[in-house]
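Novice: Build the complex: two chains, separate frames, hints provided.
Take a look at the letters that make up each chain.
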Amino acid sequence: MAEESGHEKGESDKKIVHVYPLVKHSDMAEEMKIEALELSMTACEKYASNYEQAAKVIKETMDKKFGTYWHVVVGEGFGFEVSFETRNLLYFFFAGNLAIIAWKCS
Amino acid sequence: MSSPSQSLSDVHTLSTSNLNSSGETGEETVVDIEDDVESQGSLKSGSQAKLNLPRDKKAAGDAGDGADDFETWMKSRQLIRPEDQLDLTEAELNEEVSKVLTAQNMNILKNLVIYSFKEGAYVPLPLPSNTVTLLSFTGTSLHIDSDAAKKQIEELGDDVIQGFGAPAIQPHEKFKGGEEEGEEEEEEGEGDGGRQSIEKQPEVEDKDEEEDEDEEEEAGEEGEGPQGDEEGAIADEEAGLPPPQSSRKKKLVNQFNFCERATLTYMNPTRCVETQTVPPPRSTYGATVLQWVIYDAYEEDFAAQQTLEPKKKLGPPGGKKQDSKKGGKAALAEELNRKYLKCWQILERMINQNIYDDIAQDYRYFEDPADEMREEEGNLLPLWNFHYEKTKKLNVTDLYFNPHYYDLLAVCFGNHDFLTQKPEGAMCCFSIKNPSFPDYIIMTESGVMCVDIHPKYPYLVAIGMYDGNVAIYNLQNFILEPIYMSKGVNGKHGECVWEIKWGPDMPDGEINFYSVSVDGRVFNWILMQNELQVTTLITLFLTEELGAITTEGPDGTLVKLKGCGTCLTFHPLNDEVFMVGTEEGIIYKCSTAYSSKYLMYYEAHYLSVYRIDFNKYNPNIFASCGADWRVKVWEDMRPEPLFIFDLDSAVGDVKWAPYSSTVFAAVTTEGKVFVFDLNVNKYKAICVQAIVPRRKTKLTRLCFNQKLPFIIVGDDKGVTHSLKLSPNLRVMCKPPKKQPWLDQITLQNQKLEKLLSLVRELPEGATAPEGTTVAKA
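Residue numbers (our numbering), protein chains in the order written: chain A, 1 to 106; chain B, 1001 to 1777.
Errors might be hidden in some of the hints.
[Stated by the list, open to error] To give an idea of the interface, some chain B residues facing chain A are shown, with a C-beta separation under 10 Å as derived from the structure: (1) T1277; (2) P1281; (3) T1284; (4) Y1285; (5) A1287; (6) V1289; (7) L1290; (8) V1293; (9) Y1298; (10) E1299; (11) Y1601; (12) T1697.
[As the list claims (entries may be wrong)] As a list, the in silico DSSO-like pairs of lysine-lysine whose alpha-carbon atoms are at most 30 Å apart: (13) B:K1562 <-> B:K1390; (14) A:K33 <-> B:K1329; (15) A:K24 <-> A:K46; (16) A:K24 <-> B:K1390.
[Stated by the list, open to error] Simulated coverage check for chain A against chain B, where a stretch passes if three residues somewhere in it have a Cβ under 8 Å from a Cβ of chain B: (17) 18–27; (18) 76–82.
Quick caveat, the hints were computed from the structure, so don't treat them as lab data. We put the beta carbon where it would ideally sit given N, CA and C, even for glycine.
With the rest of the complex left out, here is chain B (with noise of 0.2 Å):
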C-alpha cells in the first residue's frame, strides 16, 4: 500500500510536525491523512483526476457506492503514467511495506576529530547540523504586500492583477525534513526521476486553497499521482504567475500635478499727457580764424604772463595776498566763525561758574577750619575733575601748568599698559575756569606720554609720544597742527619718549628742547627755520661699575647695553647739568658738555626711577621715585639719601611743593596723594589721601600750582583731580621776631638748611659744603 506520493505525503506531514514523534509507526500516519483525503474528497465533484489514491479496505468500506461510479469512471480515463514507473504486480501492489522512523540520522558522520594544535592532540569534532539542503533555488515570485511587488503593481497597473483573478504565488522549492525523505528514498528504493516535479504539487495546490479558499482544497490531495503534469498546467493557468503579456505599461501621473489656468484682468485705459520742458538754453558764438588771429592772441597772452610771473617770483607772502583774496569769502566767513566760537567760549564759561559756583568759592577762599583743632596734619579738598569724552579710556601720562597762565594746564593721554597700546593719544589744555570742556585739544596717533611748556613763550607746547616721535605745537594757532615734528628714522627716538623738556635758549636764539627716551639717549631738538635739527647729549651706557655685561653677539661683536632713561630733569640753576632716571633704577648725573662721561651716578631704587625733581628753594636737594614703592630725597653728591619713605605701592609721581622748601608731594597707584612736611615730620607724611577707589584706578601724575595752593593729580581713567591743600599743608615760615626781617626766601632755605644738617651725616657733611653741584666731577 505504499505509492510515491503516500510516503511523500507522509514524509511532509512529518517535517512539518515535529521529527521528535519517534514513537509512532508510519502506518499510522498514513491512514490518517488518507482518511482525511477520503472523506473529503467524497464530497466534492469527481472532476478532478484521483490517481494513485492508496485505498485500503477501510477506506473502500467508507467509500460506499460512490466508489463504484468513481471506479467505473476511472477505468473510462486513459491514464498516462510516467515513463519510469515500475512495473508492480497487483499482489506487489497491495503488499503492505513497513517503515521504521527513527529520531536519529543515520547519515551522520561520528566520531569526527580534528587535530588541535594548541592541545597537541585529536579533539573530537561537534556533531553536524541535521538539516541536509538537498535542493534551493531562488524563486522569481513576489509576496502580494511586500513592497517590491506593490511597485511592480504600480508600474504594471492594478487590472494585472484583477486580469488573473489571485495574486502571483510561486511554490516553494525549499523542503525542510529533506532527510527524512532521503531515508525513506534509501529505504523504499522506489525513488524515481518525476517525483521532485510531482512534489511541488501539493504545495502549490496548498497555496491556492488558502487564497480562494473554496473547493479546491480538495484538488491539492487529489494533484498527487502521475497526472501531475497536467495538474500543474491547470495550477499554473490559475495561479497565473506573472505572464509575459501583461508588459503594457500603464503610462505614468504627471509627479508635479502640474496644470495651467490663466485669467485676463483689466485693461487700464491709457491716457495722453504731455509736458512740455524748456529747452536747454542756447547762446551763439562766432569769430573767424585767421593764422595772423592765432599769432596774435598768442602774443597778448605770453605778455600778460610775463607781466605775472615777476609777482610771483615775489615769494610766498604775494602768492598768500593772492590766495587770501581768492578766498576772501571763506577767510571773512572763518573770521566770523572764530568771532562766534570766542562768543560761544565766554558763554559757556559763565555757564560753568554758576553751575560751579561752590566749587570756584572753595577754591579760592575755603580754609578748612578743622585744620587748626589738629596738629602736624592736613587734608585735601577735592575740587573740579577734568575729563574729555573722547580721552575716557587713556591714562593721564603727564600734567603740567602753564607757566604764564596759572590756571591752565595741560593734560597728556595716553596708556601706560604697553601690551595694548591703541593708535592714538591725546594732549589737552584745560581751563580751571571751564572744567567741563578743554580749551585746546590735540589729536595724535600715538599716545602722549610727556609734555613741557615753553617757560619764556608760554603758547609753544612740546609733547613726546609713545611710537619715539616728538611734536611741537603753538597754541596761537587756530588749527592745532604741529609745527614741528619729527620725522625719518634717525630723526626721532627709538622707543617711547618719557619726558620732555625746554632748555634754555641758544646763544643765538634758537629755541631747543630735550628729551629722554627708553632707547637709552637724550637728545637735544633746535628747532630751525623749517625744521627740526637732532643731536644726540648722551648715550646712557651701562657703566661697568654698575653691573653692564657686555654681551658677546652671535659673530663676536660686543653689544653695549644701554640704560633706559625714563625721566628728566635739569638743574635749577645750572643749565648744563641734567639728572636722567633709568629703569634700572640708577639716577645718573650729567652734563650737556659731555656725552660720554657721567658726573655722577646714584643707584637710587631697585626698580624704574620714575620721577626726579629739584627742590625749589635748595638746588643741591631732589627728590626721586620709583615703582619699588620708595620716595627718596637726596643732595647732590651724595651717594646715599638723606630720607627714605616707603608708600606702599608704587609711586608714579614726586613734586616739591613751590611754596614751601620742605613740602613735597607723591602719587601712588593705590589712589593714594601723599603730601609731606619734613619739617613737621620727618618720618611719615603729613597727609594721606586715597582720592580715587583702590584698585580699580591708579594715580599716575601729580603737578603743583606755582601761585594758588592746589595740586592736581591725573588718574588712568583719563580723569584729572583738582584739590586744594589744606592750611596745614602749607604752612609757611614764621618771620622771627627780635631780628631784622627776612623774606620767605631766605627763611625757607634756612628752614631746609636746619633739617638738613640734622640729617647729615658727618664726615660726608664736612666734605659737602654749599655749591657742590657747580663741581664738574
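For reference, chain A alone in the conformation it holds in the complex (with noise of 0.2 Å):
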C-alpha cells in the first residue's frame, strides 16, 4: 500500500505529492475494505477526468459485489453526513487530490 511518489524526497520536502490510497476512516472488514479499494482506485484512475463516471463505476461494482445499494461520491472538495449500515463505509483519499467515500444505505 506504501507506494509513494515522491522518489526524490531526498531534494526537497515540499515537493512530495503522494499517490497512494489513504484510509481516511473505515469500518469494513479487512478484505472487504482491500477489496472495495481496489475496485475503487481502478475505477479512479480509469476516469481520471470524470469523476462522476468513476463514481458511477464504483457504485456498480459494489452493488454486485457486496449487495445494494451502495451509495458513492467522488470529488475534491465536499461536506457530508450519512448514515450508513454499520461496517459498510469506506472513506479514502486517492491521488493526492481526490476524496471518496462509499457507504452502503438500503
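Specialist: Okay, structure coming up:
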C-alpha cells in the first residue's frame, strides 16, 4: 500500500506528492476493505477526468459485489453527513487530491 | 362318352390318388365318379345347372322318373356353349373312347448324357423329375388362420368377415399331376382353350363345400360344364373375394389406454404470520473534504511511516517482536499447550512404567542365573518392542542410540524393497522410559535410510533419504521442520543415501557431516549460516586392478564405472581416514586428504557390503558384513581377513560391543541375532537366538547401548526389539593377580592382542606393527 511517488524526497520535502490510497476512515472487514479499495482505485484511474463516471462505476461494482444499495461520492471538495449500515463505510483519499466515500444504505 | 370335363375330373381324381394304380382302366374310374355324382345330384334341388353330365345307360336307369323332369327342364333352357367347342354328332358323342394310363412318362427324354471332364467320357444323366409344372402363379388370398390374415382383419375390422359370411378363399391354381393331363390332351386332341378356366371351378366349389358344409357340395360337380362362367360368378359372390369396397378402416384403439382424471384436494387455509427483525445497525459519519484536508492527511500519514521505517530496518528481530506482540494470544496458547504436553508426557511415562514394571525391573536387575551353569553360552532376554502405528508397514533401516541420552534411540523407517518404494518415511526417537509412543516423530516424503546424531550436540540429527536428500533436524525445536535440507539436482545425491556420519568440527567451528550413496560419491556437507554447502570428497571409481571395465559409449566416450557405496565409517582415532563399503563387495580405505586415490582396498565380500565397524578398543581392527552371509574381522592394512564367520543368511548389520574388545553381534535376514566373543570361542557364536519368526520377518539393523548391557535390533515390519545380554555375553576381563592394578581398557586391549597374535600369520605379522593406520599408504 505504501507506494510513494516522491522518489526525490531527499532533494526537497515540499515537492512530495502522495498518490497512494490513504484510508481516512473505514469500519469494513479487512478483506472487504481491500477489495473495495482496489476496485475504487481502478475506477478512479480509469476515469481520472470524469468523477461522475468513476463514482457510477464504483457504485455499480460495489452493488454487485456486496449487495445493494451503495452510494459513492468522488470529489475534490465536499462535505457530507451520512447514515449507513454499520461496517459498510469506506472513506479514503487517493491520488493526492481526491476524496472517495462509499457507504451502503438500503 | 368322354367330355373334356369328364376326362378332367378323371385326371383330377387320379392325380390326387396315387399314380401307381397303373392296372386300372380309365373307364372304371370314370364310371365310379359319375355314379357318385348322380346319386348326390338326385337328392339335391335341381336349381343348379347340370350340363354335359356324361351319363351312360346305367346312370339313366338309376335316375328314373326324376330324369324325365330334368330333361324337360333342361330343354327349356338355352345353353351357352363355348365358342371353340367342337361340334360333335350324336354318334360321336356316344362313341366310347378307351384310354390307357401308363405309369411311364412318355415325354421324358431318356439316354441323356453329359461330358464329364473328370472321367473324360460321356456319362448318362439321371432321369429328370416326373413333375411338370404347367402353370404357376401366386395367389392374393390368405388363409384365415394365418398371421397376415389376422392382421388384415384387425385393420379392416371384424365386420368385413361377418359381411361376407365366409372367409376369403382363393382357388388353388396349382395342379399336381399335370403330366397326366398333358398326356390326355395329346391323346384326345380335344383340349380347348376354355378348359383351364373351367378347371378351376371344381376346386373352388370343393373349398366352399368344406367350409359351408351344406348342400352346395353338389354344386362343385354340377359346376363342370359350359356354364362354368356363370358358376364362377356365383362362386365369386359367395366366396367373397376381398372386395374393393371394404376400404373403410376401423379406428385404431388408443395404444396407451390414456384416460384423464382429476381430483380436488382440500385447500389449506391461509394464515398471516408476521415477524419483525431488528434492522441492521446503522451509524452516521460525516466529514468535510477540502484539498488542504487531503494534503494534511497525507502529510501526517507519511510522517507516521517515516517513523515506522527505521524500526523495520532494524531487521528480523524487530519484526519478530512485532509478530510476537501481534500474535500474543496465540503464542500464549501455544506455550500453554507445550506445558500441557509436557505434563501429559510425564503422565504417559508414569503409566508406562507401571504397565511395564516387570520389564523395567528385568532391564535393570535381572541376570540370567542359568548362565552360571552354562559354559561359554549366553542368551538374550527380550525387553520392550518399540513400534509406531504410522510406520508399521515400513522397514527399520537404521538404529542409533543418542550419544548423550543413553536411553534415547533414533529409529529410521524406510523401505528395503527397492521396487515398491513408497513416498513416505519417518525418523522416530523412542525413549526407553516410554516404549508405547515415540518422543519425537519426523515424517518425510521419502524413505529415511540412515541417521546420525551429533556427538557434541545431541539434539542435531542428520538423516539420509532414499531419494538422495539429506536433512538436518534440531530436536529442540517444538515443530520438527528440517533446519537444513539439501536441494537442487547438484545439491544432493543421485540415489539412496546409505550412511551418514557427523564429522569432527572444522577448524573454524563449522559443523559438518559426511554421507555416502549408491551413486558412488562421498559428500562432505558443511552447515553454513543459512545453507548446506556440499563438496564431493571422493568418487568411488573402480580401479583397473579390481576388474573395472571401461565401457565405450556409442560415440566413443569412455564411461568410467563407479562403485556403489553402501556404508561408511570413520577411523576412531584418525579423523581423516574412513572406510567405504560398496555393492561390489569391496571396502575402500580412503582419506579426506586425497580425493582420487584409495589408501587401500579390501576384496571383502562377494556381494554388497552392509556394514563396517571399528573395534572400540583397538582402532586397527574392524569387522564387516555383507549379503554373502559372511562376517569378517579385519586388521588394518592386511588384505586377508583374520576371521571369517558364515551365518547362513545375509547379514544385515555387525557391531562391536562397547564393553569388550572381543565381543561383536550381528543380525541376519533369517531373524537371528548372533553374538560372538572371540575370546571365548573363535569358531562359532556364543549366542544364536531367533528374535522374530523366520521367513516372515527379517532383521535389518542392530545397535549396542553404550552404557547398559542391551542391544536393539530392527526388523522389516517396523518393530524395534530391545534385548538384554545375559552375563555370559559380557564377560569382563579379570584383573590378574599378583600384578599391579590395570584398568579395564588396558586389559581389554591385552586380551585382544593376545588373541590376534594367535591368528596373525607371520611373516605378514612381522611387518604389521602397531599404528599401521596412521601410515598414509
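Novice: Sort out whether K1329 (chain B) lies within 30 Å of K33 (chain A), counting only the CA atoms.
Specialist: holds, 25 Å
Novice: Can you verify the interface hint for Y1601 (chain B): is its Cβ closer than 10 Å to any Cβ in chain A?
Specialist: violated, 65 Å
Novice: Holds or violated: is there a CB of chain A closer than 10 Å to the CB of T1284 (chain B)?
Specialist: Since chain A brings a Cβ to about 4 Å from T1284 (chain B), closer than 10 Å, the hint holds.
Novice: Please check whether the segment 76–82 of chain A has three or more residues whose CB lies within less than 8 Å of a CB on chain B.
Specialist: holds (count 7)
Novice: Take the C-alpha atoms of K24 (chain A) and K1390 (chain B), compute the straight-line distance between them, and say whether it is at most 30 Å.
Specialist: Between K24 (chain A) and K1390 (chain B) the Cα gap is close to 54 Å, so the pair fails against 30 Å, i.e. violated.
Novice: Given the hint that K24 (chain A) pairs with K46 (chain A), does the C-alpha gap stay at or below 30 Å?
Specialist: holds, 22 Å
Novice: Hold the hint about Y1285 (chain B) up to the distance rule: shortest CB distance to chain A must be less than 10 Å.
Specialist: holds, 6 Å
Novice: Was the hint right that T1277 (chain B) lines chain A, CB cutoff 10 Å?
Specialist: Hint violated; T1277 (chain B) Cβ to chain A Cβ min 14 Å, cut 10 Å.
Novice: Holds or violated: is the Cβ of P1281 (chain B) closer than 10 Å to a Cβ in chain A?
Specialist: holds, 4 Å
Novice: When the nearest CB of chain A is found for E1299 (chain B), is that gap smaller than 10 Å?
Specialist: Holds, because the Cβ-Cβ distance from E1299 (chain B) to chain A comes to roughly 8 Å (cut-off 10 Å).
Novice: Holds or violated: is there a CB of chain A closer than 10 Å to the CB of A1287 (chain B)?
Specialist: holds, 6 Å
Novice: Quickly compare the C-alpha distance for K1562 (chain B) and K1390 (chain B) to 30 Å and report which way the hint goes.
Specialist: violated, 37 Å
When the structure is compared with the earlier hints, violations turn up for hints 1, 11, 12, 13, 16 and for no others.
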